[in-house]
Each structure stands twice: as structure tokens, then as C-alpha cells.
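Numbering (the working numbering), first residue to last: 1 to 393.
Computed Cβ-Cβ distance ranges for the label pairs, DEER-style:
no. : residue 1 : residue 2 : range
1   : D195      : M65       : 31 to 37 angstroms
2   : Q149      : G192      : 46 to 52 angstroms
3   : E148      : G102      : 29 to 35 angstroms
4   : E166      : A22       : 33 to 39 angstroms
To be clear, the hints were calculated from the coordinates, so they are not data collected in a lab.
Remember, it's a predicted structure, so these values are computed and weren't measured experimentally.
Positions of the beta carbon are idealized from the N, C-alpha and C atoms, including for glycine.
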Amino acid sequence: MRDVYIVDAVRTPFGKRNGALAELHAQDLAAKPLEALAARNDFDERGYPEDVVYGCVTPMGEQGMNVGRLAPLVAGWGEEVPGVQLNRMCGSGQQAVNFAAGQVRAGFHDVLVAGGTEHMTRAPMGADADSTDNTYGDPASVTETYFEQFEEVTTQGEAAERVAEEWNCTREGLDQIAVDSQSRWARADDAGRYDEQVVPIETDAGGETTSLVRDEHPRPGTDLETLADLPLVFREAGDGVVHAGNASGIVDGAAATLLASGEACEKYGWEPLARIVDTHVVGVDPITMLTGPIPATTELLGRNDLTVDDVDRFEVNEAFASVVAAWLDETGADWERTNVWGGAIAHGHPLGATGAALVGKLPYQLEACDGRYGLSTMCIGFGQGIATLVERV
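Assemble the whole structure, with the sequences as input and the hints as a guide.
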């Protein structure tokens with residue numbers, strides 16, 4: 001097996017729902033990271049990638065019809081660059097990276113682009129469910145046969161509540177994770193930590209051209225007192241802990257990574273950021289559904305003879321703070337090495353893009369801390385988990 005390297009990793013700023021990116025066509029949003037990769041890595045001179053693998057959780061409307069093929073066409077890459085769209089729900093962008101890495105490692109390709117996109121304003125979450133209210137828990141949906149196999153059906157929000165119960169998470173403890181996410185994002189943003197990865201987007205809203213240069217969702221001034229006043233979302237007051245402030249934000253965004261073999265890096269004069277060491281995916285109980293990052297992490301580290309102490313930076317998607325809290329408790333990982341530049345509670349979670357953005361964040365973090373190993377992991381609806389291990393080079 002060959003080594004596979006992350007040559008570059010970019011993403012758009014994440015725009016809040018109905019915010020600065022609302023008027024941008026979903027295909028244009030998907031194309032933005034590709035345009036940036038082409039400019040930053042001289043594709044016109046070196047040649048374009050052999051394929052584009054893109055994750056998208058709601059491939060409907062403007063981001064339907066295989067957005068993985070449409071995005072490079074919109075980006076001006078020409079008809080010869082193919083593309084494919086995949087859906088592993090919230091893990092889609094990360095799965096795109098993992099699948100592409102496997103293709104390069106096996107020798108089938110030398111240069112690929114992998115990432116994901118989600119315009120949650122223009123293609124709302126759940127729009128692909130054949131249901132009257134577009135919720136995953138509706139037995140009238142196209143997944144009716146699936147629901148017949150289980151005595152109970154839960155939503156992700158209810159699953160987050162059950163994870164909090166099982167791991168004895170208090171509302172204040174989860175709110176502290178949320179406060180940390182917001183403040184960490186603010187410190188990283190102020191220090192320019194995102195400058196290399198986040199590429200500005202020009203938008204035309206109301207006939208006026210503006211430029212979005214930073215994430216739009218974060219609320220850096222968030223404190224425990226503010227969060228304590230927010231109403232619960234999935235349960236009645238006094239019977240739960242999950243609210244909008246300790247869950248991920250609904251945003252629009254896209255992300256992409258440039259992956260290449262060592263031979264391609266040498267041929268094109270690319271200095272890679274990191275090596276993808278290994279990838280993993282697991283299935284877990286679809287009722288609690290959000291515990292996948294725990295076995296995905298421990299199994300991936302175990303088969304590479306590593307422990308959590310060997311990993312310098314972790315990215316654990318903050319779909320809900322309870323997911324992160326349970327992962328920390330079970331793995332014994334250090335919160336001070338986890339989500340150090342803030343996570344999805346702050347910058348938001350554009351479903352199909354987040355995984356690629358988090359994997360792409362790791363090489364920059366490892367460079368900043370002079371670390372060696374980084375690991376990214378995500379929970380996934382209906383009970384899956386995904387993980388990617390990278391090594392700085």
C-alpha cells in the first residue's frame with residue numbers, strides 16, 4: 001500500500017441559515033472550495049485531479065443530480081474531471097476523504113479531491129425524507145420498513161438526551177462545553193488560525209456584492225448564564241439538558257481536500273501537510289445512535305498501536321455537547337487537546353461538509369502545536385461512527 005497525503009485543505013466560511021450565503025446557488029457554494037484549490041495549487045499548469053468525491057446529506061433540488069459532478073463543472077474544471085456524490089449522513093464529507101484516500105493508497109489514482117457541501121438554507125435538512133413533516137422519526141417516511149424492525153424510534157435530539165442520561169451529563173457541564181467551543185473559536189479566529197483554511201466568498205444579496213470572510217454562526221460572548229435561560233428543544237423543562245446553545249448550528253458551507261500519492265507530490269512539487277495513516281467506520285445502536293465516535297476512535301487507535309495519549313489533537317464533531325462529553329469520558333482523552341479551535345456548536349455543522357472541514361483542520365492544528373498525530377471522529381444518524389487518523393509530515 002502507498003502513502004496518501006493531504007496536500008491542501010480549504011473550506012468556505014460557514015454562513016448561518018438564511019444569512020450571508022442564502023442567495024448563493026447551492027452548486028456555486030459547492031464549487032467555491034474547488035476554485036480555491038485550483039488557484040492555490042496551480043491546476044492549470046499541473047493538470048486537474050482525476051476525480052472529485054463529494055459528500056452531501058440532502059441531495060435535493062439545487063444540490064441534487066450528483067453535485068459531486070456538477071461542482072467541478074461549475075468551478076470551470078472542464079468536462080474531463082468526473083465526480084461522484086455520496087451520503088453517509090453527517091459523516092459524508094469525512095467518508096469522501098476516507099474513500100478517496102483508499103483509492104490513492106491502493107494505487108488506482110494519484111490525485112483526487114474529496115470533500116462535501118450542504119446548503120441547509122436552500123436544501124433543508126430532512127427534505128429527502130418522503131414524509132409529511134420531514135423528520136427521520138416519522139413512520140410514514142420511505143424508511144418505514146426500517147422502523148418496523150425496532151420497538152422504538154428516536155430522533156437524534158432524543159438520542160442526545162439519552163446519551164446525556166447514560167453518561168450522567170449535567171446541563172451545566174454540557175453548557176460549559178458549549179461556552180468553551182464559542183470562546184475557543186473566537187481566540188482561534190482572532191489569532192488568524194483559520195486564515196489558511198477558510199477562503200472568502202463573494203455574494204450578491206439584494207443587488208449588493210459583499211464578501212463573507214469568517215464564520216457567521218459563532219456567538220463569542222456566550223456564557224453559562226445566557227445558556228441557562230434557553231428552553232429545551234426535545235424534552236419538557238426539568239426532564240432534559242439539550243437546547244439550541246449546546247447543539248450544533250444549522251449553516252451553509254462546503255469544504256474540500258487535495259489528496260495525492262507521494263509520487264504525485266514529488267512530480268508536482270507539492271509540500272504535503274499531513275499523511276492519512278488510517279480510517280475506520282463502525283455501526284452502533286440506532287436508537288441511541290450517537291455513540292459511534294467512541295468505538296471508531298478506540299478501534300482505530302488500537303489497530304495502529306496508539307493510545308489517546310499519543311494523539312496531539314482531536315476533532316470530535318459537536319453535533320451535541322453530550323456526544324463530546326460521553327466520548328471524553330469513555331476514551332479518557334484530554335479536553336484541552338480536543339476541539340481546540342472551537343467546533344460545530346460555534347461554527348456550525350453543514351452536514352455534508354463538516355467531516356472534510358474537521359479532517360482538513362487537523363494539519364493546521366498540528367503545525368501550530370508542533371504535534372504529530374491528529375484524529376477526527378463524528379457521530380452519524382441511525383447509529384454509525386467514523387474516524388480518520390493523520391500524521392503531520
